[in-house]
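Undergrad: Given the coordinates of chain A, work out where chain B should sit on it, guided by the hints.
Protein chains in written order, with this note's numbering: chain A, 122 to 379; chain B, 4 to 267.
Think of the hints as simulated: they come from the structure by calculation, not from any bench.
Even glycine gets a Cβ: it sits at the ideal position worked out from N, Cα and C.
Careful: at least some of the hints might be erroneous.
Okay, the calculated beta carbon distance ranges per label pair [unchecked claim]:
| no. | chain 1 | residue 1 | chain 2 | residue 2 | range |
| --- | --- | --- | --- | --- | --- |
| 1 | B | W175 | A | Q162 | 40 to 48 Å |
| 2 | B | L135 | A | G337 | 47 to 55 Å |
| 3 | A | W243 | B | E138 | 34 to 42 Å |
| 4 | B | E86 | A | R346 | 48 to 56 Å |
| 5 | B | T206 | A | A172 | 23 to 31 Å |
| 6 | A | D208 | B | A12 | 44 to 52 Å |
| 7 | A | K256 | B | P51 | 32 to 40 Å |
Some residues of chain B that are not near chain A, with every Cβ distance over 12 Å (derived) [said to hold, decoys possible]:
| no. | residue |
| --- | --- |
| 8 | T25 |
| 9 | D57 |
| 10 | G94 |
| 11 | A146 |
| 12 | A150 |
| 13 | S232 |
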Amino acid sequence: MVSAMWIRSTLAYRASFVMTLLGNCALTALDFVGILLMFSQVDRLGGYGLAEIAFLYGTAGTAFGLADLFAGSLGRLGTRVRDGTLDAFLVRPAPVLAQVAADRFALRRVGRLAQGLIVLGWSVTALDVAWTPVKVLLVPVLLVSGAGIFVAVFMAGAAFQIVAQDAAEVQNAATFGGNTMLQYPPTVFGDGLLLGVTFVLPLAFVNWLPALYILGRPYPLDLPRAVAFAPPLVAACCLAAAGLAWRAALRAYRSTGS
Amino acid sequence: MRLYGVVAAGAFRRYATYRRATFAGIFTNTVFGLIIACTYVALWDERPRLGGYDQAQALTFVWVGQALYAVMMLGIPSGFEAELADRIRSGDVAVDLYRPVDMQGWWLAQDFGRSVFQLLGRGVVPMAVGALVFELALPTSPARWLAFLISVLLGLLVSFALRYLVALSAFWLLEAGGVAQMYGISATFFCGMLLPLNVFPGTFGDVARVLPFSALLQVPADVLMGTGSVAGGWLFQAAWAAALLGVGRLVQGVATRRVVVQGG
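The following block holds chain A by itself, in its conformation from the complex (with noise of 0.2 Å):
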């Protein structure tokens, strides 16, 4: 409902929503873009072809987009930490969590999802893939899975604001920053952040594990060939996790009374 009234409130300016929505559409558009540039000059990169990294980047942007779609406005909680308009929540008969996540519920995220599943579907039909049903099943496990640990990172971030009063741009790294690392292959990156996102922040169970199964591809770190399948077991314990740092934060919170 929350949601509906803030769909209501931007269609208002007319205009606006649509260059906000077509900007939207071409802010992740340019991003691949960029990719398409890196690859008017080079055959591989990191070891990996244009058809392969497009699988990464649909399969990241896809799960970032849903992620985002149902959670990005928790990424601007401390705004409302900060001018105490959070307040009016708490007095409200409906959880916090899910009013805070439908405030200022953006339609124009759409965008975003659209061009990761756009990018995603390109890709399935350019990749050179042995698929069997396992890899079929895996990629929609992928990526309502990655969905969830985006969305525990963004509840995280969002309690974090709560203590930290404003740290959007933290949990930006997290988020956006992650979301444009999972678009490249491992193979880029150095054994420390691969251990960082593996064992830490465990993004790389987002869609690189999966995603290289599918591919049929070494994994990073050596690890064993079963990881493939644990996403959906890590987007629980994050959840979870999330969870309890949110209703920790929330009791802890303390109005800036202004």
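TA: Chain B only, in chain A's frame:
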């Protein structure tokens, strides 16, 4: 003139107050710099001397980009232009127009104060981290660094002039958020943030290099590394700055004569 100095100092202090936001910004610029630098290493491993840069120069470009990101207000802009657009929408701009100062000059002083803080606050640290982790092609001569600073200043004028136009669009559209976003996207892409403009192929690259956006990052980076002519770079930036500031003045004149200010 003294007044503008006070306005700029005020804006500097205002941004300096948000210490936590500054640290968060430094962190983000550093993380993005590391990710992009890794992809550039892979790209330049594949094609050494791509776009006329060697690997060290390409990596320097990445970190100059991160250092100037907040200074040039890349990404979706959220500085004075949002404030001014808001004042236009609410009608408060009428008060600004009464004031015995030049409106464009006033906001320029504001934006200047902000960007000087961002250069110190968010420019120096990511660059230092980049220099520690990767081998960069930074010049040792102070003259080159001075030339770079002048180029940054000229780039800032171009950036300001463009964002001033974005804000003025609110006189007609009331809500400048959409224009701001479109601006942010084109500026970020065509300044060379995703990929240096000299890597852009063919005519597309030629067009990209003469757009005003290249004054925001490509030109300052080339001035710093000595990969482009200093005087030529300055001239290019100054010409765009003069032209765009002039257009801003013209549009402001039309807006204040023709458009009815809202509010009561």
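Undergrad: Hint by hint, note whether the structure agrees.
TA: Hint check:
1. Taking the beta carbon of each, W175 (chain B) and Q162 (chain A) are about 41 Å apart, inside 40 to 48 Å as hinted.
2. In this structure the supplied range 47 to 55 Å is violated for L135 (chain B) paired with G337 (chain A), their Cβ-Cβ distance being about 37 Å.
3. The hinted range of 34 to 42 Å is satisfied by W243 (chain A) and E138 (chain B), whose Cβ atoms lie roughly 37 Å apart.
4. Restraint check, E86 (chain B) to R346 (chain A): a C-beta distance of roughly 54 Å satisfies the suggested window 48 to 56 Å.
5. Distance hint for T206 (chain B) and A172 (chain A): a CB-CB separation of about 27 Å, consistent with the stated range 23 to 31 Å.
6. Here the CB-CB span from D208 (chain A) to A12 (chain B) is close to 35 Å, at odds with the stated 44 to 52 Å.
7. Restraint check, K256 (chain A) to P51 (chain B): a C-beta distance of roughly 36 Å satisfies the suggested window 32 to 40 Å.
8. Annotated as non-interface, T25 (chain B) brings its C-beta within 12 Å of a C-beta of chain A; the closest such distance is 9 Å.
9. In this structure D57 (chain B) is separated from chain A by more than 12 Å, as the shortest Cβ-Cβ distance comes to about 15 Å.
10. For G94 (chain B), the condition that its CB be more than 12 Å from all CB atoms of chain A holds, with the nearest at approximately 17 Å.
11. The Cβ of A146 (chain B) sits about 33 Å from the closest Cβ of chain A, beyond the 12 Å cut-off, so the non-interface label holds.
12. With a minimum CB-CB distance of about 29 Å to chain A, A150 (chain B) clears the 12 Å threshold, and the non-interface call stands.
13. Its beta-carbon lying about 24 Å from the closest one in chain A, S232 (chain B) satisfies the requirement of being farther than 12 Å from that chain.
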